[in-house]
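Those sequence lines, one after another, are chains A and B. Numbering (my numbering) for the first sequence: 439 to 553. Numbering (my numbering) for the second sequence: 2 to 114.
One should not assume that every hint holds.
In the BS3-like style, the derived pairs of lysine-lysine whose C-alpha atoms are separated by at most 25 Å in a straight line are [said to hold, decoys possible]: (1) A:K447 / A:K508; (2) B:K113 / B:K62; (3) B:K101 / B:K69; (4) B:K101 / A:K495; (5) A:K509 / A:K495; (6) B:K101 / A:K508; (7) A:K509 / B:K101.
Hints were generated in silico from the structure; no laboratory data involved. Since the structure is predicted, the reported quantities are computational estimates derived from the model, not experimental observations.
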Amino acid sequence: NAGVTQTPKFRVLKTGQSMTLLCAQDMNHEYMYWYRQDPGMGLRLIHYSVGEGTTAKGEVPDGYNVSRLKKQNFLLGLESAAPSQTSVYFCASSRQGVGQNQPQHFGDGTRLSIL
Amino acid sequence: AQSVTQPDIHITVSEGASLELRCNYSYGATPYLFWYVQSPGQGLQLLLKYFSGDTLVQGIKGFEAEFKRSQSSFNLRKPSVHWSDAAEYFCAVGGTGGFKTIFGAGTRLFVKA
């Protein structure tokens, strides 16, 4: 009963490097999300997807790209990492609903440091 | 504009005392309200949700919340706090206004013996 699994759990990058964060869910959820969490700012939505093959920008999309080639996976990419992207990243998923009326299921997060 | 305000950045209560965490929201469509809890090093876990009907909703771990439309509030309560309740709590609003859930900045709860 894995739920939402994020890989990796920790990563340290140098400025300018690229990387991809993987999120996998086994609940057959339509909707998936990527958030970043910074102290005192709660969760901010980076990108989201309402179904396989679809993606949309959230509140803070700059510097990130995403892909949803398979329904169960949602990838978050950093093309050229910057120190401002040091954060804890959370993936979440939810059932399809009317707008956003379903609770979200979260992974345990990826702690990313950019030096 | 859609927003969620949690006025208290942190709260300290004694074990066994009652707890109330405040949440105020602004949302232009029919709101659906959530409370989540985050333990250190983990993701958010749903405590309870309000969609419609009875304005007092029960959740897991002995928590409850009351929806007050006139005050645009959705405060979380627990009659007797346990040391294991120490965590960060997030209020959130979603609904028919789009695909995004708006989260508050969180309230960190400390429990003293």
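We went through each hint and held it up to the structure:
Restraint check for K447 (chain A) and K508 (chain A): satisfied, since their Cα atoms lie roughly 21 Å apart, inside the 25 Å limit. Taking the CA atoms of K113 (chain B) and K62 (chain B), the gap is near 18 Å; set against the 25 Å cutoff, the hint holds. Between K101 (chain B) and K69 (chain B) the alpha-carbon distance is near 22 Å, which keeps this suggested pair within the 25 Å criterion. A C-alpha spacing of about 10 Å is found between K101 (chain B) and K495 (chain A), which places the hinted pair at or below 25 Å, so the restraint holds.
Note on K509 (chain A) and K495 (chain A): the hinted pairing holds, with a Cα-Cα distance of about 18 Å set against a maximum of 25 Å. The suggested pairing of K101 (chain B) with K508 (chain A) holds, with an alpha-carbon distance near 21 Å, which does not exceed 25 Å. Proximity of K509 (chain A) to K101 (chain B) is assessed by CA-CA distance (about 19 Å); at most 25 Å being required, the pair is judged to hold.
When each numbered hint is compared with the structure, no violation occurs for any of them.
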